[in-house]
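Visitor: Spelled out from the first residue to the last, the chains are:
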Amino acid sequence: MKIIYTLFLFLFVAYFANGQERFLTKTGTISFFSKSPLENIEAENSQVLSIVDAGSGQMAIAILMQSFLFEKALMQEHFNENYVESDIYPKATFKGNIIDFDKISATETPVKIVGEITIHGESQKITIEAIAKKTQVAVFMTGDFYINLADFAVDIPSIVRNKIAQKIKVSFRFNHKPYK
Amino acid sequence: MRNYILTVVVLLCSLQISAQDLLAILDKETPKSENIVTSTFKGTRIVNGHSIKNRKSKELEFIIAHRFGRVNTGFYELFGLDRANIRFAFEYGITDDLTAGLGRSSFEKTYDGYLKYALIKQKKGDHNFPFAVSLFGSVAAKSQKAVVGSERTFAESLYYVGQVLIAKKVNASFSFQITPTYVHRNLTAIPADPHDIFALGFGTRLKLNKRVSLNAEYYQQFDKLVSIAARNSLAFGVDIETGGHVFQIILSNAITMIEKSFITESTGNFFNGDIHLGFNLSRTF
Numbered sequence: 001m002k003i004i005y006t007l008f009l010f011l012f013v014a015y016f017a018n019g020q021e022r023f024l025t026k027t028g029t030i031s032f033f034s035k036s037p038l039e040n041i042e043a044e045n046s047q048v049l050s051i052v053d054a055g056s057g058q059m060a061i062a063i064l065m066q067s068f069l070f071e072k073a074l075m076q077e078h079f080n081e082n083y084v085e086s087d088i089y090p091k092a093t094f095k096g097n098i099i100d101f102d103k104i105s106a107t108e109t110p111v112k113i114v115g116e117i118t119i120h121g122e123s124q125k126i127t128i129e130a131i132a133k134k135t136q137v138a139v140f141m142t143g144d145f146y147i148n149l150a151d152f153a154v155d156i157p158s159i160v161r162n163k164i165a166q167k168i169k170v171s172f173r174f175n176h177k178p179y180k
Numbered sequence: 181m182r183n184y185i186l187t188v189v190v191l192l193c194s195l196q197i198s199a200q201d202l203l204a205i206l207d208k209e210t211p212k213s214e215n216i217v218t219s220t221f222k223g224t225r226i227v228n229g230h231s232i233k234n235r236k237s238k239e240l241e242f243i244i245a246h247r248f249g250r251v252n253t254g255f256y257e258l259f260g261l262d263r264a265n266i267r268f269a270f271e272y273g274i275t276d277d278l279t280a281g282l283g284r285s286s287f288e289k290t291y292d293g294y295l296k297y298a299l300i301k302q303k304k305g306d307h308n309f310p311f312a313v314s315l316f317g318s319v320a321a322k323s324q325k326a327v328v329g330s331e332r333t334f335a336e337s338l339y340y341v342g343q344v345l346i347a348k349k350v351n352a353s354f355s356f357q358i359t360p361t362y363v364h365r366n367l368t369a370i371p372a373d374p375h376d377i378f379a380l381g382f383g384t385r386l387k388l389n390k391r392v393s394l395n396a397e398y399y400q401q402f403d404k405l406v407s408i409a410a411r412n413s414l415a416f417g418v419d420i421e422t423g424g425h426v427f428q429i430i431l432s433n434a435i436t437m438i439e440k441s442f443i444t445e446s447t448g449n450f451f452n453g454d455i456h457l458g459f460n461l462s463r464t465f
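Chains as they are written, first to last, in the numbering used here: chain A, 1 to 180; chain B, 181 to 465.
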């Protein structure tokens, strides 16, 4: 019987250890920028969900592809229908670890995030350099990185090949608040 | 002993929060959203007739469409290429749901104006709705001079069309539309011709690959103009998407491109080779 109590105690402690230290945002921003001699393409999504577990330094991000807004409606339609195929792959996700999460202070601290990014059903290992700030009531992260379209099996037809860059710059900005 | 092992296992499991769990939390926290089905049709026309596709708000599109003569006129007419009916039009998105158009066809020097309104949208996910409904209304005015003896007033040159466009995207590669149509003409050529014609349109899009789709369209009339021995409209088209616009190549038994005309005034028999080659080109500003 004692064992059962011990078990419950551990579970209880674990629940608190985990549950109380998660930080979440539903209004994170991810934008991307494709630079080419013929055309610059830009899109922004400000409904990105991101969660950080302060206990373990783990992080997860979920991005609804249809929420990317483009300057031209036709670009947005092509993006969803032909490139990322958001009917079939509605979400892009990231899961990984923030290295040395404990060392993040209330002032801007450079950090590395290591994990796996999944776009268009294809997963790739990635290391992202970011700037982070942490207080009792918020975990803030911002940064940018490049992705290779070919790594995610996004097919660019020859007719628009010089309008779309092979390497896309992705920028993010998350202001996580405590999650209960 | 077994209990101790159990304790340790539970402890480890409970302390280890995997990132997969975090993704599950994000799934749970994703706001319920309206998922509007898009790209039911790629062009604002299926072939000749309108699809439920609207221009986006503040988007201005300039359209040049051609229908050449009949291919069965042979080599002397270069398979119809010597003749052409051309329609220029400006089409503008007043809002995302309301499009207005102004056009002019060389055939009978006809001006036309239309409004198209997206009433109901097909949705999936949390607020599922199985099909989309748009309303379409147009007025056409024939400006070609009448022959001496059969002069007409301006009112007698007018035609009206009302349509209900009911469309469904079944999956990524197949969409269809059913289009109940009403055409009214103020003046008929002979008393036996009906002023009002009801028709039912059927249109479909079959996606062949990411950028090419095959479209077909048929309008069944329930009353016909007897003076010209009108036939039902049948047309096939290929949509080719290039970066900035949709290019449509068309085979149709009608030489005209506006509703009052191709639905009720077609005389060609498609299967006898009375086929007009044509294309729709558009440029969005």
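Think of the hints as simulated: they come from the structure by calculation, not from any bench. For every residue, glycine included, the Cβ atom is placed at its ideal position computed from N, Cα and C. Any given hint could turn out to be false.
What the hints assert, rightly or not - In silico DSSO-like links for lysine-lysine, alpha-carbon gap of 30 angstroms or less: (1) A/LYS26 to B/LYS208; (2) A/LYS91 to B/LYS348; (3) A/LYS26 to B/LYS303; (4) B/LYS303 to B/LYS236; (5) A/LYS26 to B/LYS301; (6) A/LYS180 to B/LYS212; (7) B/LYS208 to A/LYS180; (8) B/LYS212 to B/LYS303; (9) B/LYS390 to A/LYS35.
To be verified - Computed spacing ranges between beta-carbons, pair by pair: (10) A/LYS180 to B/GLY317: 20 to 30 angstroms; (11) A/THR142 to B/SER213: 19 to 29 angstroms; (12) B/ASN308 to A/ASP151: 29 to 39 angstroms; (13) B/HIS307 to A/LYS180: 22 to 32 angstroms; (14) B/PHE270 to A/ALA153: 51 to 61 angstroms; (15) B/LEU261 to A/SER171: 33 to 43 angstroms; (16) B/PHE270 to A/LYS125: 44 to 54 angstroms; (17) A/VAL170 to B/PHE255: 26 to 36 angstroms; (18) A/THR109 to B/LYS208: 28 to 38 angstroms; (19) A/THR135 to B/SER213: 45 to 55 angstroms; (20) B/LYS208 to A/ALA106: 42 to 52 angstroms; (21) B/TYR362 to A/ASN162: 47 to 57 angstroms.
Visitor: Using the Cβ atoms, figure out if B/LEU261 sits within 33 to 43 angstroms of A/SER171.
Guide: Cβ of B/LEU261 to Cβ of A/SER171: about 52 angstroms, so the range 33 to 43 angstroms is violated.
Visitor: Could you grab the alpha-carbon distance between A/LYS91 and B/LYS348 and see if it respects the 30 angstroms cut-off?
Guide: Roughly 24 angstroms between the alpha carbons, so the hint for A/LYS91 and B/LYS348 holds.
Visitor: Is 28 to 38 angstroms a correct range for the gap between the Cβ atoms of A/THR109 and B/LYS208?
Guide: Since the Cβ atoms of A/THR109 and B/LYS208 sit about 30 angstroms apart, the hinted range of 28 to 38 angstroms holds.
Visitor: Holds or violated: A/LYS26 with B/LYS301, Cα cutoff 30 angstroms?
Guide: The given pair, whose Cα atoms are some 26 angstroms apart, holds under the 30 angstroms limit.
Visitor: CA of B/LYS303 to CA of B/LYS236, is that 30 angstroms or under?
Guide: holds (18 angstroms)
Visitor: Hey, A/LYS26 versus B/LYS303, does the alpha-carbon distance stay inside 30 angstroms?
Guide: holds (23 angstroms)
Visitor: For the pair B/PHE270 and A/LYS125, does the Cβ-Cβ distance stay inside 44 to 54 angstroms?
Guide: holds (51 angstroms)
Visitor: Does the structure keep A/LYS180 and B/LYS212 at a Cα separation of 30 angstroms or less?
Guide: holds (19 angstroms)
Visitor: For the range 20 to 30 angstroms, tell me whether the beta carbons of A/LYS180 and B/GLY317 fit it or not.
Guide: violated (53 angstroms)
Visitor: Given the range 51 to 61 angstroms, decide if the beta-carbon distance of B/PHE270 to A/ALA153 lies inside it.
Guide: violated (40 angstroms)
Visitor: Would the pair A/LYS26 and B/LYS208 pass a check requiring their Cα atoms to be no farther apart than 30 angstroms?
Guide: holds (11 angstroms)
Visitor: Is it true that the C-beta distance of A/THR142 to B/SER213 lies inside 19 to 29 angstroms, as the hint says?
Guide: holds (25 angstroms)
Violated hints, in rising order: 10, 14, 15, 17, 19 and 20; the structure is consistent with all others.
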